[in-house]
Amino acid sequence: MARIGLFDIVGPIMVGPSSSHTAGAVRLGLAARRILGAHIQRAKIALHGSFAATYWGHRTDVALIAGLLGMGMDDERIPQALDLAKKAGLDYSFESRDLGDVHPNSVWMQVEGSQDQIALAGASVGGGRIQIFELNGFEVEVDGTYTVLMTRHRDEPGVIAEVTKVLAVHGINIAFLDVSRKTRGSEALLLAETDDPIPEIVVQHVQRVPGVMVVRTLPSF
Amino acid sequence: MEITSATQLLQLCSERDFDLAQAVAEYEAFRANTTCDAVRESMRDTLGVMRASVESGREDQGERAHLIKGYGRIYSSAKDQGHTLGGSLFQHAILYALSVAQYNAGLGRIVACPTAGACGVVPGALLAVADELQSSEEELIDALLVMGGVGIVSAAQGPISGAEGGCQSECGVASAMAAGAIVHLMGGSPQQVFDAASLALQSHLGLVCDPLASLVEVPCVTRNATSATTAIVAANMALAGIPGVIPYDETVVAMRKIGKAMPESLRETSQGGLAATPTGLRLYGEMREKYRL
Ligand code: SF4
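Protein chains in written order, with the working numbering: chain A, 1 to 221; chain B, 1001 to 1293.
Chain B on its own, in the form it takes in the complex:
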């Protein structure tokens, strides 16, 4: 059994009469020589770590981060005081994504999804939606399997790292994974799952990786929040019947080609983009002085 593209995954579903979550569980069970139940249990553990990272990140003061401090806390209190806009779904998506990404920057325990830099996107979007829908744990595990399926077909056809593909391949792919999972949770069709994934990734194409001072902090942490909300927007459009037009597989290939066309200075080297602005350079200089080996 193989999953190398969305087309193939959709075909597997129709041939074997699987739903998407089941197809991914069957694939992983086959690949790792284990059972679907064992795969679901591992996903349950993964979900537990995601939830814990939201909770811890919300409280984290950020003492161990360098440039950003306690963004989860800051957002949480502003939201509670009514200083921010949006219904509970968007408020939670922003809060959860910031919390997890902040926690990662401060040496917290997280699930890299698909990378550590983008670890806040999926928990941010998906757990906020699950709160809203009051989804059961089993439904959420199904959605995480679908999310993983979108990730697998992405990794099979494109880069999953800022160094190779820019941030479109980290936060962009994470947003696509989350969008697909949300559609599944809402009862959308497998085709709509990949429409949502395609729409989310399309919104990130061309996004460069230009973190300040070689840290996973600015713009990474706040970008996790915007990518999480983009996932919800994309899922809503797909659920409404708006197509991706460009199939997900082709969108991933476009992402790969764009990544190849990006100069190295915009691929995690901290030599271009925001990192090379006067402020970016000044902060880098300060860090380097402080920690010279």
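Just chain A, same shape as in the assembly:
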């Protein structure tokens, strides 16, 4: 068993009322914001299970929007998130949807910036911890323990090798590597969880790898 952290017990510092339904929801929204890597203009949000049943009590809706606006779970502006969304030109909608056999505190989000759009699904698994389990239709496993480098690229020979080489050259160790695609030769997704933070220069180099379309980093959180 991993050693229990002092500030996991005496903490987290967060905006209430619930670590799973509020704090975790802020982090799920923030993860979407970071993966899109841009200001979000439109968001379609589907709440599942306990999120759908009790969102109003724990203000899961407000929390998700706060995250989409880029707030962390202890941001004192969280209660005003819906008003701030209006000011920031973020259009959103909520619905209740059965996402199937997933964690009860799960949410699906489709978010759109001026250039790009992503869809992801994740769960708040307790104590403010989260898990993203679907990204653009690909099954993934991201919980924020590690820094993640994500690329969307053409499914061609050599792309993955080139991307990992860039990381190696910059002395970044890959802890886990996950590659998926829908059909051969179509768009593929690479998720590299790294032991070290990923500097901007690395992102720029990866962006230049032939076949790579989109590069994003998600710092550990």
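Hints listed in this document are in silico derivations from the structure and should not be mistaken for laboratory results.
For glycine and all other residues, C-beta sits at the position ideal for the given N, C-alpha and C.
Hints may contain errors.
Reference listing, derived: stretches of chain B covered by chain A, where coverage requires no fewer than 3 residues with Cβ under 8 Å from a Cβ of chain A [what the hints assert, rightly or not]:
#1 1026-1035
#2 1103-1111
Derived lysine-lysine pairs resembling PhoX-like cross-links, with alpha carbons at most 25 Å apart [unchecked claim]:
#3 B:1079 to B:1069
#4 B:1290 to A:44
#5 A:87 to A:44
#6 A:44 to A:182
#7 B:1290 to A:86
#8 A:44 to A:86
So, partial list: chain B residues that the calculated Cβ filter (under 8 Å) puts toward chain A [unchecked claim]:
#9 1002
#10 1049
#11 1144
Knowing the structure of chain A, use the given hints to seat chain B with the ligand on it.
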């Protein structure tokens, strides 16, 4: 370095000649690959947030809460008008715990300790005692480290969530953590710290999690106040030399087993207990109608 039980933590203290606060700081510094000073600084920030949440919660009108409104304010004014009983220590423990828990319900910024639902217990009890003793900030940080140590050994051996263990594992553990910290602040021995923790948790065994309408409001907010005062009672008994009889580790294991024996309806599902009373069901129905997706 590991801390997985009270026995082990006490042993670490005697082997390395640490006091409890130091042992916890050393453990966390080792675990997070940082220094004891950095750990203390983080605890200082945590203390700052606790204090701020007491102050803000006292003023909070509760507009954002659903079933409860401004309990901190209500208690504060009743106390000032002499409508309530007790010396300043108990009055402050009740007031502070209510304020923080009310603030949490109204989307305030708090320290989950060990959970958001139980966030008022430790600040309520500990800050009231610190007022009384006029403790310095460094003494208070030591006490918070000890409090965290009690929390770590609890989490290592039992659940820390209403969904798994009922409220005994939220408000009960918070009360145990606070009781241990108070004993440390009073200069009690490490053994007395865990006697107090054991006595506090013993008083919460069997406590179910049955919040109305899936909110963290009723009975959570007022329970934070009773758990805070229980911490003070337990600390006093331990300081007087009354033993826990059942060691803290065994008490936590008992808590875990009781939690396992609790039906799901009494573990944060809002399907049993107070939530399933006629009034509880009516309030739930009203909320659901108002916020149907
Ligand atoms: S009743 Fe349940 S939700 Fe309320 S404080 Fe206790 S454990 Fe938390």
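Checked hints:
1. Coverage of the stretch 1026-1035 of chain B by chain A holds. Counting CB-CB distances below 8 Å, 4 residues qualify, and the rule asks for three or more.
2. Requiring three or more residues with a Cβ within less than 8 Å of a Cβ of chain A, the coverage given for the stretch 1103-1111 of chain B holds, as 9 such residues are present.
3. Distance check on the hinted pair: residue 1079 (chain B) and residue 1069 (chain B) sit about 17 Å apart at the alpha-carbon level, within 25 Å; holds.
4. With a C-alpha separation of about 22 Å, the suggested pair residue 1290 (chain B) and residue 44 (chain A) falls inside the 25 Å cut-off, and the hint holds.
5. Restraint check for residue 87 (chain A) and residue 44 (chain A): the C-alpha separation of about 18 Å stays at or below 25 Å, so the hint holds.
6. The hinted pair formed by residue 44 (chain A) and residue 182 (chain A) meets the criterion: a straight-line CA distance of about 23 Å does not exceed 25 Å.
7. A C-alpha spacing of about 22 Å is found between residue 1290 (chain B) and residue 86 (chain A), which places the hinted pair at or below 25 Å, so the restraint holds.
8. The hinted pair formed by residue 44 (chain A) and residue 86 (chain A) meets the criterion: a straight-line CA distance of about 15 Å does not exceed 25 Å.
9. Annotation: interface hint on residue 1002 (chain B) holds; nearest CB of chain A at approximately 7 Å, less than 8 Å.
10. With a cut of 8 Å, the hint placing residue 1049 (chain B) at the interface with chain A holds, because the nearest CB-to-CB distance is about 5 Å.
11. The beta carbon of residue 1144 (chain B) is positioned within 8 Å of a beta carbon in chain A (closest approach about 7 Å), and the interface hint is therefore held.
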